[in-house]
Amino acid sequence: MDGLTNGMNTGPDLRGWLPVFINRRTAAPVVEWCRPGTRRFIEPFFEDTLKAVMREPFNLLFRHQTPLDTLLSWQRESPGLEPGGFIFHMSRCGSTLVSQMLAALPENIVLSEPPPLDALLRTDRHGATDDQRIAWLRAWMSAISQPRNGEQRLYVKLDAWHIFDLPILRRAFPGTPWIFLYRNPVEVMASAMKAPGLHLIEGLIDTNMPAIAPPGGHRSSQAEYAASVLANIMRAALEHLALPGGRAFDYSRLPEAVITDIAPHFRLDLTGPQIEAMNARIPFNVKTPQLYFESDTARKQQEASAEVRALCAGQLDALYAQLRAL
Amino acid sequence: MSTPHTIESGFERFHQLVLGNTALQEDLTGITDREAFISRAVELGHQHGVPIQPADVVAALQAARGAWMDSQMV
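Sequence lines, in order, name chains A and B. Each residue of the first sequence is one higher than the one before, counting from 1 in the numbering used here. Each residue of the second sequence is one higher than the one before, counting from 1 in the numbering used here.
Here chain B stands alone, though its shape is the one from the complex (with noise of 0.2 Å):
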């Protein structure tokens, strides 16, 4: 069980802009739609100075996506 490791790296410095900011993560929470996910965190970067694109919210969310399976792995 890990965080994702192999999150692309223009997507890191937005990774931890969230994970220091409170109100980008109520922004965030909740969110279920996948795309509906990706434009708002799109958003949310240009906002606060963290340029990021759909491509690189993508990426990120297939890479944690393996993470998770692969934790999940007896």
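With the rest of the complex left out, here is chain A (with noise of 0.2 Å):
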């Protein structure tokens, strides 16, 4: 028993539903909704959330499940929000900082690194045009931030990996500003070699992206292949930074740009209690809620081994300097 047919044949009501899963396994992908109810997208990433929805006896016996279609069909019916801000990155550069800042305004729907938008984009290795995924992904934005508290504004952090993306997004989002925030790569390196990211270890990402599945395959080492992705990730958002609509901000800078230069790049005029609400996300370290957020680029910088630093010197500071520069 599933919803599928009750979705395919006549398709349900989706007043509450929210579609949290792509179900990229089968010939052709399906969406499947749950009912989160008023919960926010408050915990630091989006399966964070999903998880405690999925705890939930409701949503543990109830899903719909549809055709990709359907969520067009719902967005004529009942149009979202338009993502107010992308927040791109190059991982362990205080991303997770800013979205939680962002979402300690009941106003705001932050959705951090979601799965079903990474799978969306990689629809294309299953032969999806690119106008294709621009109607899906849109589609999909406009479902999945349907108020449920009243809230105003969408913002999305996405994945390291999707700076790649970013001229599709673009194409999909022509008016959403975005930022790119980077960090020393000494730093982000030392953090990487201790708990790398999913797009840090070769293969682990279902994707043609040359700049994270290079051709050549497998390089000497790990820290090798991390550097490499790193200064991709890098240079592309440099080629980028060279359009309208998005600016960089270096971890150092962080979190008080936030207030002083994020939030105006994001059109978001910030009143006092505001302000104070977003400085009170701050204290906490913001993936481990129960330890204070420091900067930890001393440590950090301890940290980096003799290899390490010699491939930031090879391939990543003058990109890092590129970047500060701008």
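No wet-lab data here; the hints were simulated from the structure. All the pointers check out, no bait thrown in.
No more than 20 Å apart at the CA atoms, straight line, and that leaves these computed lysine to aspartate or glutamate pairs for DMTMM-like: (1) A:LYS300 x A:GLU224; (2) A:LYS51 x B:ASP70; (3) A:LYS194 x A:GLU224; (4) A:LYS51 x B:ASP33; (5) A:LYS194 x A:GLU303; (6) A:LYS300 x A:ASP317.
Both chains come to you apart, so use the hints to assemble them.
Laid out in structure tokens, this is it:
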């Protein structure tokens, strides 16, 4: 038993339902909808909120399944919010802090690295055209941002590798401002060597992007692979930052720049109480709220190995300097 | 990722009833306490002429939990 037939034939009433999964294991992608009630996306990552939602008996038992094109009809019937800002980043550079500060305001919907967005971007691997991907991206964004608590704005923090998808995201959302967050590469690399993100381990992401999965294949070390991907991310950001709509921010400018620069760039006119609410998110480590947030620059610098320092000097430091010079 | 395919057949009519009825969805959404959810589901089933027993809901929840856990395995 499932909700697929229900969704395929007459189309379910989707009021109150959100498209939280896109199943790519089937020949035709299936969208799975759950009903989170008034629960906001306030956890550090989209998936964390989803895990909480899926602990609720209702969502364990009742989910609609529909084809992708149901997103299009639902968008026509019930348009949601247009994204007010995209957060791109090179990972380990304060992006979660930025997204959590934005999520501190109840009028904001903040989606942090939502897997369905990545699934839609990757549909090109299964033959989707750019026009189809753009239509699905817009329709998914509309459906996921249906206000359930009077929300007025939508912000999306993307995965680090989505900087390579910026051209299609800009085509889909030409009016949406975006930022790229970066950090001293020695510190990013030191962090990545301890716990690398998916994009920094060869073969973990299902993609045909040469910047993540180089045709040449395996490099000699994990650090070398990570450095090559980070270099590609920084190059892509530099290339796109030459166009309007984007701004780059160094980790060293956080968290202050969220209030002074990022919010205005995202056309957020903050009131005093809103600034207070956003700043209230700062004292805590945003990924592990029981720990106090503090800059770990000194520790990361100490942790960097000789190999990491050499790779940064050879491949990344010059790109970092270019970003800082913008 | 899929909806539970192993829900007990006695529960199936209630499942379809809820998926097609927004008022029932609103009633049951947000009940986080398992026992309270089971009681309310049984009550609503009887009210709508689709009688189910607590054991039906328990079995459905167990099956759904298993399917969810399986879907999370990489």
